[in-house]
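Dock chain B against chain A, hints included.
One-letter residues, chain by chain:
Number of protein chains: 2
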Amino acid sequence: MARSVPAMLFDLDGTLVDSVYQHVGAWHDALTSMNVPLSVWRIHRKVGMSGGLFVRGLMRELGRELDPSTAIELRRRHATAYAARFHEVVPLPGTRELLAMLTQLGAPWAIATSGSRDVADRTLALLDIPAHVPVVTRDEVEHAKPDPDLFLRAAERLGARIDQSIVVGDSVWDLLAARRAGALGVGLLSGGYGFDELQSAGAYRVYDDPADLLAHLDEVGIRDPEG
Amino acid sequence: MARSVPAMLFDLDGTLVDSVYQHVGAWHDALTSMNVPLSVWRIHRKVGMSGGLFVRGLMRELGRELDPSTAIELRRRHATAYAARFHEVVPLPGTRELLAMLTQLGAPWAIATSGSRDVADRTLALLDIPAHVPVVTRDEVEHAKPDPDLFLRAAERLGARIDQSIVVGDSVWDLLAARRAGALGVGLLSGGYGFDELQSAGAYRVYDDPADLLAHLDEVGIRDPEG
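From first to last, the protein sequence lines stand for chains A and B. Residue numbers for the first sequence follow my numbering, so the first one is 1 and each next one is one higher. Residue numbers for the second sequence follow my numbering, so the first one is 1 and each next one is one higher.
Worth flagging that the hints you see were computed from the coordinates, not collected in a lab.
What follows is a list of derived Cβ distance ranges for each label pair:
#: 1; chain 1: B; residue 1: Glu142; chain 2: A; residue 2: Pro68; range: 54 to 64 Å
#: 2; chain 1: A; residue 1: Arg96; chain 2: B; residue 2: Ser4; range: 51 to 61 Å
#: 3; chain 1: A; residue 1: His87; chain 2: B; residue 2: Asp163; range: 47 to 57 Å
#: 4; chain 1: A; residue 1: Asn35; chain 2: B; residue 2: Ala211; range: 10 to 20 Å
#: 5; chain 1: B; residue 1: Leu105; chain 2: A; residue 2: Phe195; range: 31 to 41 Å
#: 6; chain 1: A; residue 1: Gly159; chain 2: B; residue 2: Glu219; range: 50 to 60 Å
#: 7; chain 1: B; residue 1: Glu219; chain 2: A; residue 2: Gly63; range: 14 to 24 Å
#: 8; chain 1: B; residue 1: Asp139; chain 2: A; residue 2: Pro130; range: 52 to 62 Å
#: 9; chain 1: A; residue 1: Gln104; chain 2: B; residue 2: Glu142; range: 51 to 61 Å
#: 10; chain 1: B; residue 1: Glu73; chain 2: A; residue 2: Ala84; range: 23 to 33 Å
What the simulated footprint calls covered on chain B by chain A, stretch by stretch (three residues with Cβ under 8 Å from a Cβ of chain A suffice, anywhere in the stretch; the number is not a length):
#: 11; segment: 34-41
#: 12; segment: 188-196
Reference excerpt, derived from the structure (chain A facing chain B, CB under 7 Å, subset only):
#: 13; residue: Asp18
#: 14; residue: Ser190
#: 15; residue: Gly192
Being a predicted model, the structure only gives us computed values, none of them experimental. Ideal Cβ placement from N, Cα and C applies to all residues, glycine included.
Isolated chain A, as found in the complex (with noise of 0.2 Å):
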């Protein structure tokens, strides 16, 4: 029988770096200094759906239209706000052991970010991503997260089938799209969810962070082939 190994398929912000709070203070910043007040918790959770559908979320929150011009001056100050933030942002715990751990296993993994290249490269800084590792961005795809052209392209370019693929993420967006994807899906709660909203989204399992998910990754289907 032909060994399966499931290809893990992460999320970058929040899944992998701690940056989804400096994520939604900058929002916060860009929107307060355009006079357009939202409280902080309903934009924590927007966070991890593309840019677009954030800004037509905000819309909705706020029972008003917000005119083209308006919404891209709020992602250029909300990339602005976060880039002054960007210093606080560090790997979450595990985040550098997981990855080594299934680089050594042999099992196959990428990243699929609704962030802009330019903001994933100064993020995966942060990380030591071997060269073959697949890194899709929101500039690739159509359709950024709760759609699922990030994680479809990602397992693509892995050569994977997306119904063995698992994707990790910490927010409800993540997970939305794992489903509409056909992958399974892993929640982590290092983004601030409630567990029970990233099970209500379809979780097939919730851990707390990377550390926790690499304690656990037998649970998931990855085990070390020789062991």
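For chain B alone, kept in the frame of chain A given last:
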């Protein structure tokens, strides 16, 4: 029959003002500056406890002891970092309207916060709190949340029975304290906890924020006496 209107005992941060994420960021700043690494979501889940219990919980997460002088310095740095972020703090949607409505309906209400008197006073200046409204702070009780002391004292100062009072808070610690006090607890999502986290901690009802609670006051037994 005597009319019985429940007394409402409000938490402050995350319940009446949108300040939880600023407290989280300030603790993260303080911890980072002292080379104590802790993921931001773990800080978020502890905010609302007394500072002393927060530091104790922190030690449990870290699996090591902090000596008393480090713990004191940590709380000092949090206070400084929070002051630097305080300009971002605003009342939550509906706070002023909710409190004004309670006053108008003759429903007794008070504020009970794990924060110290000086921080609370700065926060309360963002709201219009009538002089007769009791405000109980950390300094006035032996134990803060999740111990019941703050809410018990608040009910006492209103001359209200705690078993006819409703505690309103955004954190698990408020709701646990409410149960220990023997009051009903109402959870608000505005601190960024998940719905089920609040429900699991014993919330009688969960609303989005003060505006949503105001729209459903009749559900918790507060009515227009003329209505």
